[in-house]
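Number of protein chains: 2
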Amino acid sequence: MAKVADRYLEVDPWSVVENGFSVERSRVSESIFSLSNEYMGVRGYFDEGYSGERLVGSYLNGVYTEAPIPQPNIYKGVANKTRFMVNTLDWLYTRISIDREQLDFAKCNIKDFMRKLDLKNGTVSREFVWTTSSGKSLKLTFIRFLSMVDSNLGCQRIVLEPVDFSGRVDVQSGLDFTPIHVSEKKNFWECPKKGRENGITAIIGKAEKSGHQVFSGFKLCSDSIADTRLVEEEKYIGLEFSIEVKQGTKASFDKMVVNYADKNSNTDTAKVWESGMNLAGKLTAMSFEDALSKHTAYWTDVWNNLDITIEGDPENQQGIRFCIFQLHQTYHGFDASNNVGAKGLTGEAYSGHTFWDTETYCLPFYIFNNPAAARKLLEYRYKTLPQALDWAKEQDCKGACYPMSTIDGTESCGVWWHGNLEIHVSGAISYGIWHYVKLTGDTEFLYSQGVEMLLQVSRFFASRGNWSPDGKFGFYGVMGPDEFHTFVNNNCYTNVLAKKMFEYTLEVVEEMKKTAPGKFEDVSGRISLDSKELDGWKSMAQSMIIPCDEKTGIYEQHDGYFMLPHLDIHSIPVEEFPLYHHWTLPRIYRYDMIKQPDVLLFMFFFSQDYSMVGKLKNYEYYEPRCIHESSLSPSVHSILAAELGKHDEAYNFFGFATRLDLDNYNRNTGEGLHTTSIAAAWMNIVYGFGGMRTDGGKLIFSPSIPEKWKSFSFRILYNNAVLSVTVDKDNAVFRTISGPSIEAVIFGRGYSIDSNGINIPLPADRKQ
Amino acid sequence: MAKVADRYLEVDPWSVVENGFSVERSRVSESIFSLSNEYMGVRGYFDEGYSGERLVGSYLNGVYTEAPIPQPNIYKGVANKTRFMVNTLDWLYTRISIDREQLDFAKCNIKDFMRKLDLKNGTVSREFVWTTSSGKSLKLTFIRFLSMVDSNLGCQRIVLEPVDFSGRVDVQSGLDFTPIHVSEKKNFWECPKKGRENGITAIIGKAEKSGHQVFSGFKLCSDSIADTRLVEEEKYIGLEFSIEVKQGTKASFDKMVVNYADKNSNTDTAKVWESGMNLAGKLTAMSFEDALSKHTAYWTDVWNNLDITIEGDPENQQGIRFCIFQLHQTYHGFDASNNVGAKGLTGEAYSGHTFWDTETYCLPFYIFNNPAAARKLLEYRYKTLPQALDWAKEQDCKGACYPMSTIDGTESCGVWWHGNLEIHVSGAISYGIWHYVKLTGDTEFLYSQGVEMLLQVSRFFASRGNWSPDGKFGFYGVMGPDEFHTFVNNNCYTNVLAKKMFEYTLEVVEEMKKTAPGKFEDVSGRISLDSKELDGWKSMAQSMIIPCDEKTGIYEQHDGYFMLPHLDIHSIPVEEFPLYHHWTLPRIYRYDMIKQPDVLLFMFFFSQDYSMVGKLKNYEYYEPRCIHESSLSPSVHSILAAELGKHDEAYNFFGFATRLDLDNYNRNTGEGLHTTSIAAAWMNIVYGFGGMRTDGGKLIFSPSIPEKWKSFSFRILYNNAVLSVTVDKDNAVFRTISGPSIEAVIFGRGYSIDSNGINIPLPADRKQ
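Protein sequence lines, in the order shown, are assigned to chains G and V. My numbering puts the first residue of the first sequence at 1, with every later residue one more than the last. My numbering puts the first residue of the second sequence at 1, with every later residue one more than the last.
So that you can see chain G by itself, here it is in the shape it has in the complex:
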């Protein structure tokens, strides 16, 4: 695979540091130094403007517009419009001039550049010295953060420190709705209201099509500013002012910004203005320091409780902390209308869309780090159940068909053979419910929301599936997670998932009938559930086709897969990757080459259902056929390899998991971070080297340690306890940091873990 590190940033355990400015690397750094707080996100672009290539990306979660999907033909049930997260306003907008020379990295004389993402407190700072053509040198420091506590609040501090002069610096600071949405080459905003009230300068932008309104208002705090002048343009409002700086003295000003989105297309602009102003009045009353201290406290709590340490591997130490940081800042359960986009809030690519990655890759992280957020992610699916019901109907089906990619619950996948065929997505929603409820015991959620989704997904599967001529049940004309095979029958992953979820749904029904009959009556009445449907699902589950060669024990990825022409994937020249750009679709689709491993994925999800021998055979069969063109693929291989004692392979597949973006392995980090792949890195350590499995009755562990590492540790929240696991070359130590004791199975033996800890020697085959 054509993936090699592009090591550029400083390796440091608690920060990401860029020394010196690189024009070529600028877009990548914008992504790396992105900040977000679930409510909003902003790329690490330069506050003061930059006439070089950049992506002024600033997003509010769930704020979208829409565009038609070009289609060569009109077919029934094919999505014809896509809704996508639209680039909003540049609220960091600043312009700085001295002697009429405007600060611009593309044109000015800059030295001593340093940019830093501080993982401990979630700030991005940047400092450099600017020497003007008039010969004046000014040191500037920019600091920004998006409050993890007050999620409407973004803070910017700019410090000016003249090195060799005293004099005037001219500044503009404003709110700018003119940035374009780059992929659509268009600005989607009109600004129906702007103005200054009670010291707050504010503007409202209204998005095309959706009618979503974004209020943004700011207050400047500084001892150095005397007079300000209000400047208004069509899509801009700001203040102009001057600062008299003195050599050897720092002058600074803080911009406290409140962004507030109203996603109801009918709200009166005056009402949005009022709500925005109220919020702004409250939040900008805080000082920068106070806001930062609340924000820092949030991060301190995160790191105290849920850090991962790796001794002996500083690159991965930094990498995994960067991942953990991204996951927390992208989503922490602030609002069930939000979800995790494939690139978080760090770029336009993938349109801010949520995929099934949320339930399969991200949810485990949240279950074990922020269970309330995990629930919120599932509540998002409940909130969008009406759209899933509609989408199923459009597919000539019943129940709920969850979208392949979406920002608001409507199918927005532009490529119909993905959007319409990847029915496993709905199974992933049920799987997420199963996994969450199993690990949290949250029957309140299950009985009030989860069960309804389970029933509607089962209904969908029942209507989408068919009985084969020999009386078995399966799914025809589908695509599995492995998107290198389209229009297949009986994708093994899809069928296993549907069978398991039929069974789980029926289990929940039985349980509810006994323990919560009223609630069951409620839901079954609401959705007009017929007991015949339940009988049907039972026999579908029992008769489900699970393609498998009984002689070898190898699962067949789909009907006929074993008879596909074989391709030696190592024969593909490096320059032909990514294949989608270099090969025609029929060429990609006609071999046994897979993009990501469907069979290994379900053997990981339902690990207890399969023997080690079975996993080994399937791993050894599928691994050489997998091209990993999905960034989610290597981690699954690493996790399985670790379980199977293939320690070298496990470490190799872990390779770029934590540093996919830091080292720009895929050469596309400039478009935004691979946020859902970041979740896979966490899983790779906890489920891979930690050997955790969560599909049994109790937590299961079977840790191992890569040769390079001296030790590693991770912590998880489980059953109101914080469990710490530390593994070194000799021992694995399990201890609760807080909360009740935890029952777990370690290397096949049951233990009760409490704050005293248990020290278990690593078996010889679990280390290298």
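Mixed in with the good hints, there may be bad ones.
What the hints assert, rightly or not - In silico SDA-like links for lysine to any residue, alpha-carbon gap of 25 Å or less:
id, chain 1, residue 1, chain 2, residue 2
1, G, Lys81, V, Ile69
2, G, Lys617, V, Asp470
3, G, Lys76, V, Pro573
4, G, Lys116, G, Asp307
5, G, Lys282, G, Asp268
6, G, Lys398, V, Leu579
7, V, Lys186, G, Ile545
8, G, Lys235, G, Asp104
9, G, Lys76, V, Trp583
10, V, Lys767, V, Gly739
11, G, Lys186, V, Ile69
12, V, Lys81, V, Ile69
13, V, Lys263, V, Ser275
14, G, Lys76, V, Tyr580
15, V, Lys186, G, Asn80
16, G, Lys472, V, Pro624
17, G, Lys219, G, Glu232
18, V, Lys615, G, Pro469
19, V, Lys393, G, Pro573
20, G, Lys398, V, Ile69
21, V, Lys139, V, Phe113
22, G, Lys393, V, Val745
23, G, Lys235, G, Thr267
24, G, Lys393, V, Pro565
25, G, Lys219, G, Asp307
26, V, Lys246, V, Lys81
27, G, Lys76, V, His570
28, G, Lys472, V, Ile554
29, V, Lys76, G, Arg587
30, G, Lys393, V, His570
31, G, Lys398, V, Lys246
32, G, Lys698, G, Pro761
33, V, Lys538, V, Pro565
34, G, Lys76, V, Leu567
35, V, Lys398, G, Arg587
36, V, Lys551, G, Met563
Calculated from the structure, these hints are not laboratory results. Treat the numbers as computed from the prediction; the structure is a model and nothing was measured.
Once you have looked at the hints, place chain V on chain G.
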């Protein structure tokens, strides 16, 4: 199936007559009364204009423009632009006024309307009486034809006969380039030159994108016209004049029009003008009568030699003559740059594109009616071989991949999963060559052009196919003619065709090495043929996967077809047809329901390779699964049913073959005629009831007669002889009308047929 006759036109053996004008039926009649002569075609629209709904369709064969194909995504090797036959000028343009009231069927008082297509002489005439609001009644007769002899020539005669007045009639007659291409809602023409020279009024239109230029010039001939005034507009040129009519006397004027297309985008307009004017000078020197008499002689010859008669079934008698007429007028081998579009030259639908229907459905008609035209159709493929070589390369393949749908040899199919997966199209080209050469013995064509196509198609198949893990050869990720199953592996039809064509190619190579080594050296040098390739093709043919259940002898349409869920096609409500409009694609694709019969098709093409028992079993298996959503499908069933002695079924499937358009069965004749389906009607009689098979060493016949028919007869050109076959309830009579005697196998016994004729009693099982 939701197909019922819409019987509207008069049933007559030699004409199609419409009595009375129907607004609702107007678009359908425009199609039915279309005329063409291969070089050009014109719909039966009203010469004098009509403010109601109409499609002023006037086409020149192969004159196209292009438009981008909307795609949701850019994939390698997917066609991104489509070239389509563009609507050209209205050269019949006429406007007629009396007392400032303009003749318009939508507004005027019209009675005694009659429109007639005369099949004997290929004219369309129309007469009616117009009573003006000023109370004057004028009888008008319009006659038009497109010369089958001088293919640039179109003739229009308009006869005015005042019933109750004498006075002035104002007329405009011109050439109008303003009609829009309706499906694109756009006019694609600019007119770089127009004017009047030597009594010829002319204009040139230049098409967008292609730069094709169309010259049109006309001369008016009349004793009744005194002065004319030239009128020029941006895209129009014409003459205005008045005719003084006298009660009881006919006045008339003839418009002799020459259309001439230059399809070289670089030709100077002045040069086109000169060529056009030269042609116009020559052809318009002819009188209307002379031109008509040459034209009529052409048709007389056609009907004398190649008529089909059906006694006892006037509807089908009329229907089959309509079909024969359409095939001759659409294409008769005038120019190898032309081909047969799915709708001929009668409408915009299917974009004037040629499909594989040409080689599989139309070619047999031409082989047995106009072998020189058959050769020209294959020469068209040779002329477009360079485009097929390019298209293969774009598909990451070698050799020649012929396009799914095209006007100029480039792939213009807007739906990539058809365009890129239906590789059987290339096999159909080779099949056409095989069939043509087998029946005509034209080795001159084979050795100079055919063999090169055969070799390049074999090369394509070799590169597109793959070896399966068990050492067999097949085609993966394809679509067969049955478009209800996409992305299948080893489509049986495709594999059979490829195997046969590999074998035929190798046979031709062996034969050429012996009998024409120089020519073989030529071609193999030109295309750098390697003898290893030939060895490869041999082993591919030998190892070709032909999916078949050996126990039952039923061929499996593709890998896994037998295990698809069964759908009772009779359970589909009538109002859900056509399925493409009412069902989602994954719903259409996931059953054993087929659109048209792949297996039966190859059992028909290569009839001698299969036993009657084999055909019977496969017919009985596939027939109930076929929904006939292709208009080419029923005829294949009818032909097989006739062979198998299922006479009722044979007649039922023949049902709407000859009258598909006359009775508007598909409710879309308004878009144009189903020209390639019309060819299937001819095959249905000759191969079906005539029981002819042409894949053996000699012609084979096994006639049968439908219960309703008293007798039927058909004639074919074969080996320079005209063979007449007449079948009644008791006997089948075979006789040559001209030329040498013909060897044939009739009911399994060999005969030599000459002008004395052979009378063979029909076996009991060949009649009802």
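Hint by hint, here is what the structure shows:
1. G:Lys81 to V:Ile69: Since the Cα atoms of lysine 81 of chain G and isoleucine 69 of chain V sit roughly 17 Å apart, the hinted pair holds (cutoff 25 Å).
2. G:Lys617 to V:Asp470: 20 Å, holds
3. G:Lys76 to V:Pro573: Judged against 25 Å, a Cα distance of about 17 Å means the pair holds.
4. G:Lys116 to G:Asp307: 20 Å, holds
5. G:Lys282 to G:Asp268: 22 Å, holds
6. G:Lys398 to V:Leu579: Given that 25 Å is the threshold and the Cα spacing comes to 19 Å, the pair holds.
7. V:Lys186 to G:Ile545: 53 Å, violated
8. G:Lys235 to G:Asp104: 22 Å, holds
9. G:Lys76 to V:Trp583: Holds, because 6 Å separates the two Cα atoms, which is no more than 25 Å.
10. V:Lys767 to V:Gly739: 31 Å, violated
11. G:Lys186 to V:Ile69: Holds, at roughly 22 Å.
12. V:Lys81 to V:Ile69: Between lysine 81 of chain V and isoleucine 69 of chain V the Cα gap is close to 5 Å, so the pair holds against 25 Å.
13. V:Lys263 to V:Ser275: Distance ~13 Å between lysine 263 of chain V and serine 275 of chain V Cα, so the pair holds.
14. G:Lys76 to V:Tyr580: Status holds; Cα separation ~7 Å.
15. V:Lys186 to G:Asn80: 24 Å, holds
16. G:Lys472 to V:Pro624: 22 Å, holds
17. G:Lys219 to G:Glu232: Given that 25 Å is the threshold and the Cα spacing comes to 16 Å, the pair holds.
18. V:Lys615 to G:Pro469: 23 Å, holds
19. V:Lys393 to G:Pro573: Answer holds: lysine 393 of chain V to proline 573 of chain G is near 18 Å, not above 25 Å.
20. G:Lys398 to V:Ile69: Since the Cα atoms of lysine 398 of chain G and isoleucine 69 of chain V sit roughly 33 Å apart, the hinted pair is violated (cutoff 25 Å).
21. V:Lys139 to V:Phe113: 10 Å, holds
22. G:Lys393 to V:Val745: 58 Å, violated
23. G:Lys235 to G:Thr267: The hint holds at about 20 Å.
24. G:Lys393 to V:Pro565: 21 Å, holds
25. G:Lys219 to G:Asp307: Roughly 35 Å separates the two Cα atoms, so the pair is violated.
26. V:Lys246 to V:Lys81: It is violated: about 56 Å lies between the C-alpha atoms, which goes past 25 Å.
27. G:Lys76 to V:His570: 22 Å, holds
28. G:Lys472 to V:Ile554: 22 Å, holds
29. V:Lys76 to G:Arg587: Measuring from Cα to Cα gives roughly 10 Å; hence the hint holds.
30. G:Lys393 to V:His570: 23 Å, holds
31. G:Lys398 to V:Lys246: Violated, at roughly 74 Å.
32. G:Lys698 to G:Pro761: 21 Å, holds
33. V:Lys538 to V:Pro565: Given pair lysine 538 of chain V, proline 565 of chain V is violated - Cα atoms ~36 Å apart, limit 25 Å.
34. G:Lys76 to V:Leu567: This hinted pair holds, its Cα atoms lying about 20 Å apart.
35. V:Lys398 to G:Arg587: 13 Å, holds
36. V:Lys551 to G:Met563: Given pair lysine 551 of chain V, methionine 563 of chain G holds - Cα atoms ~21 Å apart, limit 25 Å.
In terms of the numbered hints stated before, the structure departs from hints 7, 10, 20, 22, 25, 26, 31 and 33, listed from lowest to highest.
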